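Visitor: Residues per chain are reported as follows:
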Amino acid sequence: MRILTGAIAAALITTTGAFADPVDDNLVINGETEIVTRTAAPAHVSDALDEVMSGWLFRKDGTRAMQADDFDNPGMIFVEQAMDTWETAEGSEGKSCSSCHNDMDSMAGVKATYPKYSEAAGKVVTLQMQMNDCRTERMGAEAWKYDKSDAINMEAALSSVSRGMPVNVAIDGPAQSTWEKGKELYYTRTGQLELSCANCHEDSYGMMIRADHLSQGQINGFPVYRLKNTKLNGVHSRFKGCVRDTRAETYAPGSDEFVALELYVASRGNGLSVEGPSIRN
Amino acid sequence: MRISVITAIAAGFAASAVAAEEIAPTAVNYVDGTVEQSLSGTAGDPANGRIIVGDKGQGNCVACHMVSDLADVPFHGEIGPMLDGAGERWSEAELRGIVANAKIMFEDSMMPSFYKTEGFTRPGNAYTGKAADPETFGPLLSAQQIEDVVAYLVTLKD
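Chains A and B supply the protein sequences, listed in that same order. Each residue of the first sequence is one higher than the last, beginning at 1 in the working numbering. Each residue of the second sequence is one higher than the last, beginning at 1001 in the working numbering.
Note that these hints are calculated values from the structure, not bench results. Computed from a predicted structure; not experimentally measured. Hints should not be assumed to be uniformly reliable.
Claimed, not checked - When the alpha-carbon atoms are kept at most 30 Å apart in a straight line, the in silico BS3-like pairs for lysine-lysine are as follows:
no. : chain 1 : residue 1 : chain 2 : residue 2
1   : B       : Lys1056   : B       : Lys1130
2   : B       : Lys1103   : A       : Lys231
3   : B       : Lys1157   : A       : Lys240
4   : A       : Lys123    : B       : Lys1130
5   : A       : Lys240    : A       : Lys228
6   : A       : Lys60     : A       : Lys95
7   : B       : Lys1056   : A       : Lys228
8   : B       : Lys1103   : A       : Lys123
9   : A       : Lys231    : B       : Lys1056
10  : A       : Lys123    : B       : Lys1056
11  : B       : Lys1056   : A       : Lys181
12  : B       : Lys1116   : A       : Lys148
13  : B       : Lys1130   : A       : Lys228
14  : B       : Lys1056   : B       : Lys1116
15  : A       : Lys145    : B       : Lys1130
16  : B       : Lys1103   : A       : Lys95
17  : B       : Lys1116   : A       : Lys181
18  : A       : Lys60     : B       : Lys1056
19  : A       : Lys116    : A       : Lys148
20  : A       : Lys95     : A       : Lys228
21  : A       : Lys95     : B       : Lys1157
Stated by the list, open to error - Okay, the calculated bits of chain B under chain A, using three or more residues with CB under 8 Å as the criterion:
no. : stretch
22  : 1048 to 1055
23  : 1060 to 1074
24  : 1077 to 1089
25  : 1115 to 1122
Backbone N, C-alpha and C fix where the C-beta goes; we use that ideal spot for every residue, glycine too.
Isolated chain A, as found in the complex (with noise of 0.2 Å):
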């Protein structure tokens, strides 16, 4: 009897699972830039998966298409203003980023390879703090608050000028223990819910849950600017919100555990292109 309908059960597991799969599309921006929306798996993660795959493929026809123009796409709004930041003086120093950095474009690349461990830190760290440091370390100016305006902005900009690189978070040597520990808070099943991302993003990614589309959960077209709230959103708050989902306690913004938590995912999509900002529903 158990073996019966045990049976009949996985049998209709497999059937009925009709995988909504991701579209097959390709992205380039403007007309020049080619974006890797899906590639091989990195060696890390590919006991679990064959493919990584961008969020971009798993949204709709009309969203999708506002990433394809600058024009369209209404993050670069934010871009904008955090370029005229770029080149404003702030602080005790009298300095702006381009007194140290020149302009933007010098910048190119950078994106792809946060979080980092940091030596001066002594610990891995994300874009954000490293633009934080260099507020008050080298600017004398106060630090900005995580994942909001100020700050996401300016990892929009810093990420557009990145576009098409490959994301290449680096995971071995001093940043080893802590992906590790980003690892382990991927696959474990947190709140009421017993959820890991692992649940979602890798075990029924193409699959509707209620009304949404699963996607892998992949961070390289972050920030995201999410036509439901219209205005850029960081990694570190679509992590809350995931986490929350499942009926849990969260960490906060900034915190150890998601700066952990996003140099883990982010590996996941080594090899995916820099795609932020990026629209999403």
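Using the hints, position chain B against chain A.
Guide: Coordinates of chain B only, in the frame set by chain A:
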């Protein structure tokens, strides 16, 4: 953690003292994943069970399961098997066991355990993102809600 487990058990005893027939989440007797005895001692109401299965704020079962009978409820997920015919495939005791704690019948199942109050990692206060309050922390569905859902599932024949 130990403290919250103990208070949860204590709360369970308190509840069972009030409603003599009710079985606390910590006292359910699973045999091969099935539960023979009614959790509430009161027959389930299939009409209410139907509402619970489709309601986002209650069972929200359609988040993961398609149910043809609930075509009036928009957006059914496809994580779990379609529930059409569940009442033919499974006995009432099996369905009660699955809804109360599916992870006993299906090892490592993604399906949440609806009648369980302990053993969670970082349990929250519903969807607030804040820590759960051990004083008020209860199962996802009450004993009677489980009975209602089971009574509804039993009616799902192909």
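Visitor: Now look at each hint and say whether the structure bears it out.
Guide: Going through the hints against the structure:
For the proposed pair Lys1056/B and Lys1130/B, the alpha carbon gap of about 20 Å is at most 30 Å, so the pair holds. A C-alpha spacing of about 39 Å is found between Lys1103/B and Lys231/A, which places the hinted pair above 30 Å, so the restraint is violated. Among the hinted pairs, Lys1157/B with Lys240/A is inconsistent with the structure: their alpha-carbon atoms are about 40 Å apart, more than 30 Å. Restraint check for Lys123/A and Lys1130/B: the C-alpha separation of about 27 Å stays at or below 30 Å, so the hint holds.
The suggested pairing of Lys240/A with Lys228/A holds, with an alpha-carbon distance near 16 Å, which does not exceed 30 Å. The suggested pairing of Lys60/A with Lys95/A is violated, with an alpha-carbon distance near 43 Å, which exceeds 30 Å. A hinted pair counts as satisfied when its Cα atoms are at most 30 Å apart, and Lys1056/B with Lys228/A qualifies at roughly 19 Å. Note on Lys1103/B and Lys123/A: the hinted pairing is violated, with a Cα-Cα distance of about 39 Å set against a maximum of 30 Å.
With a C-alpha separation of about 26 Å, the suggested pairing of Lys231/A with Lys1056/B holds against the 30 Å cut-off. Taking the CA atoms of Lys123/A and Lys1056/B, the gap is about 42 Å. The hint is violated against a cut of 30 Å. As the CA atoms of Lys1056/B and Lys181/A are separated by approximately 33 Å, the hinted pair breaks the 30 Å bound. A hinted pair counts as satisfied when its Cα atoms are at most 30 Å apart, and Lys1116/B with Lys148/A does not qualify at roughly 37 Å.
Straight-line distance between C-alpha atoms of Lys1130/B and Lys228/A comes to about 23 Å, which keeps the hinted pair within the 30 Å bound. A hinted pair counts as satisfied when its Cα atoms are at most 30 Å apart, and Lys1056/B with Lys1116/B qualifies at roughly 19 Å. Only pairs whose Cα atoms come within 30 Å are accepted, and Lys145/A paired with Lys1130/B is accepted, the gap being roughly 20 Å. For a cut-off of 30 Å, the pair hint linking Lys1103/B to Lys95/A is broken: about 58 Å separates their Cα positions.
Between Lys1116/B and Lys181/A the alpha-carbon distance is near 28 Å, which keeps this suggested pair within the 30 Å criterion. Using a Cα cut-off of 30 Å, the hinted pair Lys60/A and Lys1056/B holds, with the two alpha carbons roughly 24 Å apart. With a C-alpha separation of about 21 Å, the suggested pair Lys116/A and Lys148/A falls inside the 30 Å cut-off, and the hint holds. Distance restraint check for Lys95/A and Lys228/A: the Cα-Cα separation of roughly 36 Å exceeds the 30 Å cut-off, and the hinted pair is therefore not satisfied.
For the given pair, Lys95/A sits about 73 Å from Lys1157/B by alpha-carbon distance, which is inconsistent with the 30 Å threshold. With 0 residues having a Cβ less than 8 Å from any Cβ of chain A, the stretch 1048 to 1055 of chain B misses the three-residue criterion, and the hint is violated. As drawn, the stretch 1060 to 1074 of chain B meets chain A at 6 residues by the rule of a beta-carbon pair under 8 Å; at three or more, the given contact holds. Only residues whose C-beta sits within less than 8 Å of a C-beta in chain A count toward coverage, and the stretch 1077 to 1089 of chain B has 7 of them, enough to reach three; the restraint holds.
By the rule of at least three residues with a Cβ nearer than 8 Å to a Cβ of chain A, the coverage given for the stretch 1115 to 1122 of chain B holds, with 3 such residues.
Checked against the numbered hints above, the structure breaks hints 2, 3, 6, 8, 10, 11, 12, 16, 20, 21 and 22 and satisfies the rest.
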